[in-house]
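Visitor: Residue numbers (our numbering), protein chains in the order written: chain A, 120 to 202; chain B, 254 to 719.
Simulated from the structure, these hints should not be mistaken for lab results.
You may find that some hints are simply not true.
What the hints assert, rightly or not - Computed list of lysine-lysine pairs in BS3-like fashion (alpha-carbon distance at most 25 Å, straight line):
{"#": "1", "chain 1": "A", "residue 1": "149", "chain 2": "B", "residue 2": "328"}
{"#": "2", "chain 1": "A", "residue 1": "198", "chain 2": "B", "residue 2": "287"}
{"#": "3", "chain 1": "A", "residue 1": "171", "chain 2": "B", "residue 2": "342"}
{"#": "4", "chain 1": "B", "residue 1": "288", "chain 2": "A", "residue 2": "172"}
{"#": "5", "chain 1": "A", "residue 1": "171", "chain 2": "B", "residue 2": "263"}
{"#": "6", "chain 1": "B", "residue 1": "474", "chain 2": "A", "residue 2": "171"}
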Amino acid sequence: MTRESIKAAIIEIINEIVPDEDLSDLDHQKPLRDQIDLDSMDFLDIVMELRKKYRIEVPEEDYDELSTMNSTIDYLLPKMESL
Amino acid sequence: MSSNWCALLKYDVIIIGAGLSGLAAGIRLAHFGKKTLIMERHYRVGGLNSFYRAGGYDLDVGLHAVTNFNSKGLKSAPLSRLMRRLRIKEDDLELCPQKESRITFPNVSLNFNNDIRFLTQQIEESFPDQRDGFIRLIDNIIRMSKDGFLQKADSGRKFLKRFITDPYLLEMIICPLMFYGNAREHDMDHDFVALMFFSLFIEGLSRPQKGIRAILDLLLKRYEDSGGELQTQSEVVKIKLKDGSVSGVITGSDELIECDAVLSSAGIDETYNICREVGNNKLITPGVMSFAESIYILDKKPLELSIDHSIIFYNRSTTFKYQKPLEPINVDSGVICMPGNFTYNEPQTKEEIRVTHIANPNYWIDADQGEYTNSKMLWHDRSLDAVSEIMPSFRENIVYRDMFTPKTIKRFTGHTSGVVYGAPDKIRDGMTSVNNLYIIGTDQGFVGIVGAMIGGVEVVNRQLLV
Ligand SMILES: Cc1cc2nc3c(=O)[nH]c(=O)nc-3n(C[C@H](O)[C@H](O)[C@H](O)COP(=O)(O)OP(=O)(O)OC[C@H]3O[C@@H](n4cnc5c(N)ncnc54)[C@H](O)[C@@H]3O)c2cc1C
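Just chain A, with the same shape it has in the complex (with noise of 0.2 Å):
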C-alpha cells in the first residue's frame, strides 16, 4: 500500500468507528485526537480494526506513534507496505 492509500484506510477506520466526524480537513501535523473526538476506547478500536483488517498487530508500547496522521502512516507504512 501507498502513503496515500493508508491515509485512506485509517480515514475509513475512524469514520466507522465515529461516523458522524467531519474528517475531510485534518491537521496531518496535529494529533488526531486534539480535532476527533476521539477516547481511548476508541483508539484501541482503531487498533483493533487494523488487526481485524489488514492483520497489524500493534503493541501498546507502539500506542504514541499513533497521535498524528502523519506519524500514524510513518508507523505502519513498513508493515503494509507490501499488502
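Go by the hints and put chain B with the ligand onto chain A.
Guide: Structure of chain B with the ligand alone, referenced to chain A:
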C-alpha cells in the same frame, strides 16, 4: 442439528444468555472476528427485558425507563460511548425523554426531570439548608463519572451523608437509586450510589419510541450482521472443563459444543452450579432483593385522569425500608411508571401503568398454583389501595392486568430465587476461578439496560480482545 455436526464445530467464545449483556458482548466479539455463539434458553432474546403478548396486547417484561439519557448529545456520555463500541447509531435507539417524575414521601414531594438543576431547585424549596451540599454532591459524582466509578467498597449511605445532612432527604434521594439498581439490603455500595445517581438524576430517563423490542431487534441485527450466531431454546446444562479450563458446553439435548472461552450471564452462583468440577470455591452471598410488577392497561390516558408524571417513587413511612419483606409484597413503597407520559415523537398506541414493589421471592416461588393465582388477585388490590393514596385512582379504568412475581423473574432469567439485581458483591473484571470462564451481566457489576450492555462490552474488551 445432528450431534455429529455439532461436535465438528468449534467456537472461539460461547455466551450463555441473550439478555442485554450477552447481546452486547456478542456484538463486540463477532465484530472483531471471533467465532461466537450465543445460547439462550428461551425462544426469544432479551432476558429480563424482553416482551410478550397477552390479552391481545404487546407488553414489555421489565422496561420502565432507560437510564443515562444523553440530552446534550455529548460524545463522551456513557450511552454515546457504548453505542460507538457496538457500532449502532445512538439516534436509532429513538429514545424519548421523560416529562417530569416525582419522589413522594409523607409530607414532602420532590419532582425531577432530565435537568438536575430542577431537582436542586425542588430541594432548595423543601430543604433550604441542603442545597449547597446537594450541589457539592453533584460535582463530586460528575468527577467520579470521569474515572468510571472505580470500585470503592464503602457504604453508600455514608457517602451521601457527607453531602446530605438531613436524614429525610437522604432517604428520599436513595429510594429511586435503590429501586433501580441495588442488590444489597438496607445499604447500597458507594460506587453504585454514585453510578445510579449519575445515570438517573444527572443524565436522566427516557423510553424507546417503539418499546424494548426495537432495541433488541437492533442489537440482534447488528450481532448477526457481524457474523455472530444465536441458538434460542437452547440451554447450557453443563460447562465442560478439561485440565482446569473450559473446553465446551453441553446443551439440554446432550450435545457437546466446543469452545475456547465461555461468557456467562446466568449469574455467578448459577454458573458455578453448572460447572461442578470446580466446586464453589468463591464464596458467594446470594442476593435476596426481588420485585413484583403489575401491568395495567387502561381505557383512558393517565393524563385524562390527572396523572401527569412519568415515574413516581413513593414511600408511605418516614424511613425507607429496602429489604426482603416478611409479607409477599411490601406495598409501603413502590415505583409507578406511566410509559405514556414521556415526550414521544409519535403517540403511543396503548395506555399503560406499571407498578413495582419489593417482594418476597420465597413466598411466590414456593406457593402452589391455587395460592399463587389467589395471591396475585389479592396483592393487585392491596397495591392499588396503596397507590390510590398517593395519586388519582385508575382502578375503574383498568381493562387488562397482569402481574410479574419473583417466580416469573426466575423463569425469565434463571436466577435462583428470582433476584433482579443479582448478588450484592460484584465481579467487575468478570473473572472466575476458571481461567477462560467469565461472568457478565447482573453479577458482573452494572445493572439495568444500559449497565448490562456496558458490562458486557467491558469484560470482552478487557478479557478477550486485547
Ligand atoms: C420488573 C423489572 C423492571 C425493570 N425495569 C428496568 C428499567 O426500567 N430500566 C432498566 O435499565 N433496567 C430495568 N430492569 C433491570 C434490567 O432488566 C436488568 O438489569 C438487565 O436486563 C439485566 O440483563 P442481563 O443481560 O444481565 O441478564 P438477563 O436479562 O437476566 O439475561 C440472562 C439471560 O440468560 C439466559 N440464561 C440463563 N441461564 C441460562 C442457561 N443455563 N442456558 C441458556 N440461557 C440461559 C436467560 O434465559 C436470560 O435470557 C428491570 C428489571 C425488572 C425485573
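Visitor: All hints are to be evaluated individually against the structure, with a verdict given for each.
Guide: Going down the list of hints, with the structure as the test:
Pair hint residue 149(A) plus residue 328(B) holds up; C-alpha atoms about 21 Å apart against a cutoff of 25 Å. A C-alpha spacing of about 23 Å is found between residue 198(A) and residue 287(B), which places the hinted pair at or below 25 Å, so the restraint holds. Note on residue 171(A) and residue 342(B): the hinted pairing holds, with a Cα-Cα distance of about 21 Å set against a maximum of 25 Å. Restraint check for residue 288(B) and residue 172(A): satisfied, since their Cα atoms lie roughly 16 Å apart, inside the 25 Å limit.
Taken as a hint, the residue 171(A) and residue 263(B) pair is honoured in the structure, with Cα atoms around 20 Å apart against an allowance of 25 Å. Distance restraint check for residue 474(B) and residue 171(A): the Cα-Cα separation of roughly 20 Å lies within the 25 Å cut-off, and the hinted pair is therefore satisfied.
Taken one by one, the earlier hints all hold for this structure without exception.
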